[in-house]
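Engineer: Heads up: the sequence lines are chains A and B, in that order. Numbering-wise (the UniProt record's numbering), the first sequence opens with residue 1 and increments by one. Numbering-wise (the UniProt record's numbering), the second sequence opens with residue 1 and increments by one.
Because the hints were derived from the structure by calculation, they are not lab data. Everything numeric in this text was worked out from a predicted model, so none of it was measured. You can trust all of the hints, since none of them are fake.
Given that identical chains are not distinguished, each listed pair holds provided it fits within a single copy or across any two copies.
Within a straight-line C-alpha distance of at most 30 Å, the following computed DSSO-like cross-link-like pairs (lysine-lysine) qualify:
| # | residue 1 | residue 2 |
| --- | --- | --- |
| 1 | K15 | K39 |
| 2 | K93 | K151 |
| 3 | K151 | K206 |
| 4 | K354 | K131 |
There are 2 protein chains.
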Amino acid sequence: MYDVKVERTSAPKQKPLDESKLGFGTIFTDHMLMIEYDKGQGWHDARIVPYGPIAMDPAAMCLHYGQEIFEGMKAYRGDDGSVYLFRPQENFKRLNSSCERMCIPQMDEELLLESLKMLVELDSGWIPAAKDSSLYIRPFIIATEPKLGVKSSDSYLYMVLLSPSGPYYPSGLDPVKIYVEQSYVRSVRGGTGMVKTGGNYAAALKAQDEAHEQDYSQVLWLDGVERKYIEEVGAMNMFFVLGDEVVTPALLGSILPGITRKSVIEMLRSWGMKVSERRISIDEVAEAYKNGQLKEAFGTGTAAVISPVGELKHGDLVMTINGGKIGPVSQRLYDALTAIQWGRAEDPFGWRVKVK
Amino acid sequence: MYDVKVERTSAPKQKPLDESKLGFGTIFTDHMLMIEYDKGQGWHDARIVPYGPIAMDPAAMCLHYGQEIFEGMKAYRGDDGSVYLFRPQENFKRLNSSCERMCIPQMDEELLLESLKMLVELDSGWIPAAKDSSLYIRPFIIATEPKLGVKSSDSYLYMVLLSPSGPYYPSGLDPVKIYVEQSYVRSVRGGTGMVKTGGNYAAALKAQDEAHEQDYSQVLWLDGVERKYIEEVGAMNMFFVLGDEVVTPALLGSILPGITRKSVIEMLRSWGMKVSERRISIDEVAEAYKNGQLKEAFGTGTAAVISPVGELKHGDLVMTINGGKIGPVSQRLYDALTAIQWGRAEDPFGWRVKVK
Ligand SMILES: Cc1ncc(COP(=O)(O)O)c(C=O)c1O
Ligand SMILES: Cc1ncc(COP(=O)(O)O)c(C=O)c1O
Chain A
1 MYDVKVERTS APKQKPLDES KLGFGTIFTD HMLMIEYDKG QGWHDARIVP
51 YGPIAMDPAA MCLHYGQEIF EGMKAYRGDD GSVYLFRPQE NFKRLNSSCE
101 RMCIPQMDEE LLLESLKMLV ELDSGWIPAA KDSSLYIRPF IIATEPKLGV
151 KSSDSYLYMV LLSPSGPYYP SGLDPVKIYV EQSYVRSVRG GTGMVKTGGN
201 YAAALKAQDE AHEQDYSQVL WLDGVERKYI EEVGAMNMFF VLGDEVVTPA
251 LLGSILPGIT RKSVIEMLRS WGMKVSERRI SIDEVAEAYK NGQLKEAFGT
301 GTAAVISPVG ELKHGDLVMT INGGKIGPVS QRLYDALTAI QWGRAEDPFG
351 WRVKVK
Chain B
1 MYDVKVERTS APKQKPLDES KLGFGTIFTD HMLMIEYDKG QGWHDARIVP
51 YGPIAMDPAA MCLHYGQEIF EGMKAYRGDD GSVYLFRPQE NFKRLNSSCE
101 RMCIPQMDEE LLLESLKMLV ELDSGWIPAA KDSSLYIRPF IIATEPKLGV
151 KSSDSYLYMV LLSPSGPYYP SGLDPVKIYV EQSYVRSVRG GTGMVKTGGN
201 YAAALKAQDE AHEQDYSQVL WLDGVERKYI EEVGAMNMFF VLGDEVVTPA
251 LLGSILPGIT RKSVIEMLRS WGMKVSERRI SIDEVAEAYK NGQLKEAFGT
301 GTAAVISPVG ELKHGDLVMT INGGKIGPVS QRLYDALTAI QWGRAEDPFG
351 WRVKVK
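When you get a sec, could you build the whole thing from the sequences and use the hints?
Structural biologist: As structure tokens, this is what we get:
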């Protein structure tokens with residue numbers, strides 16, 4: 001057993017009354033988890049405390065040099081009241097690979113899982129019961145040493161926040177409109193695109209803001225070298241159904257290895273479908289569109305699970321995919337994945353982890 | 001006049017007794033400056049307060065998505081007790097261009113300069129008098145909205161910290177050893193390399209740590225597309241003296257437009273020297289080395305002013321430059337720039353700003 005001290009709140013907050021108005025990432029539960037790191041001492045003092053502001057030295061390195069990483073996952077409430085996590089071991093493995101790239105000392109993945117279960121169990125009353133709602137889980141690490149020289153920090157803080165969140169698409173699985181980004185680049189091989197670190201998201205804000213102004217929900221990133229190969233979208237990996245082949249960009253160092261992506265690949269293969277992880281250029285997609293072979297396109301990620309793309313714009317070419325409606329592969333994946341996540345179906349892959 | 005409230009500390013700290021042991025960026029003065037931003041209200045509540053920790057919501061966006069920028073400059077104490085800043089307007093212009101790229105609302109550059117002068121004057125007793133020592137100034141902005149969705153924040157905090165710092169090279173202008181980085185990439189055109197945002201520095205930590213392990217002080221970054229054109233070094237821009245031409249990489253969107261770089265170009269030209277801002281490949285530098293045309297190489301930046309490169313390693317080729325000693329151009333620039341900064345010489349370019 002790991003030693004995680006628990007200090008319960010003496011002033012529980014009012015839980016949201018109307019679960020249909022939860023939104024995403026603005027409401028936090030009663031408790032949070034903290035583990036500290038100091039050079040020479042290692043990770044220490046795991047504890048659950050009441051949610052609240054932390055005192056931070058304004059010279060803390062995370063505020064200046066962005067040495068910070070995060071994860072994102074969910075806890076799901078089943079119909080019988082059970083609480084499930086979805087492949088949390090994968091998130092903690094990815095957290096450690098983010099640590100490695102960003103020069104942050106790695107953590108004990110069992111401690112991470114055990115302490116997360118304790119926190120989720122303690123605040124399980126906050127997990128919404130409404131359909132497609134869940135408890136969003138945000139583990140993160142920040143560099144806390146107060147020093148202005150650029151170097152790896154000597155102290156860190158790991159935290160987990162919990163946020164009850166509504167369905168990503170309140171009115172059902174709505175296909176999104178995205179366009180191919182032609183000015184900005186999110187990441188390049190040799191950089192940090194394959195890990196979850198703050199700078200990747202900060203770099204992407206400008207393109208995202210410009211997309212919103214034009215009524216697009218996201219941009220589709222191209223590679224930073226040749227500016228022609230498809231990378232990913234906002235917080236999602238991309239899949240294309242081309243004829244009877246499902247294609248997703250290979251993990252070549254500049255995109256995030258999504259856990260939903262991995263699960264989708266495994267699931268499609270278990271259904272006997274052909275899935276290729278390879279380079280795919282925007283020209284190949286446009287060509288397939290013109291030939292009638294672009295059947296579906298969809299993004300995958302923890303937040304939306306499956307997000308069908310109804311319109312993909314590339315310069316002057318506007319590709320309307322599957323008539324702007326969700327396609328059969330996207331729908332089947334969404335149904336199968338969410339059924340496993342919410343405990344409504346068998347779990348043939350062993351992806352679910354029961355909290356209580 | 002701008003309205004900047006001042007709350008003086010009631011418990012002034014002990015100033016460092018031994019100015020020769022200041023180091024860099026670990027000691028902070030008695031006060032700090034804060035200005036807040038809220039959507040709908042703009043920047044407001046400029047105030048100088050005692051230095052100390054700030055209360056931060058753990059969901060503050062800067063801790064997750066790296067929406068943060070900073071600047072770096074210095075205050076210098078002249079022999080007659082005068083206090084000078086060096087081209088601070090350039091720093092605030094660059095701060096605003098960082099804001100623009102990172103989707104942070106821009107600030108009034110006059111307010112920035114006036115409030116900085118007030119802070120420096122208040123804490124001017126902290127400016128070291130020892131030779132080559134100065135007061136390092138760190139303005140920065142962080143996104144403070146507590147929300148886990150990826151978007152531009154609706155609230156921000158601007159702060160300025162002051163840190164007395166010793167000479168960059170305690171034993172005099174020591175040429176450094178650097179090597180050409182071949183695995184990692186710092187930035188790519190379309191990304192954020194031309195602004196001062198945390199993520200750029202976080203991305204560079206790993207290469208820097210590996211360089212230190214091999215006893216090199218820094219890496220020389222190559223461009224992320226062709227991996228052959230020289231970019232910059234750590235927190236410095238690069239210059240090469242090739243025959244009688246001084247060459248520095250052009251500002252093509254992936255390197256920081258350094259203020260020392262700009263000053264060096266202007267100064268060299270005022271001396272009648274030929275300076276080219278253009279693309280320069282590592283092969284061209286190696287070729288010049290073999291032909292005996294690589295006379296000097298040096299970095300430029302606020303911290304070290306001029307940092308001569310004594311050894312530049314590229315794969316198996318070890319280039320010892322000017323016999324590992326500081327060259328005449330580097331030395332002349334260092335002497336001329338520091339004489340202006342510390343008020344020991346005329347200021348023909350109008351670069352100095354007197355604080356008191
Ligand atoms: C950049 C990026 N790509 C892809 C994903 C999808 O990853 P996952 O399926 O693990 O949520 C995310 C979200 O986590 C992301 O931030
Ligand atoms: C990445 C980078 N390049 C170059 C520089 C040099 O810029 P300046 O001369 O304005 O200090 C710095 C330091 O500010 C820097 O951080």
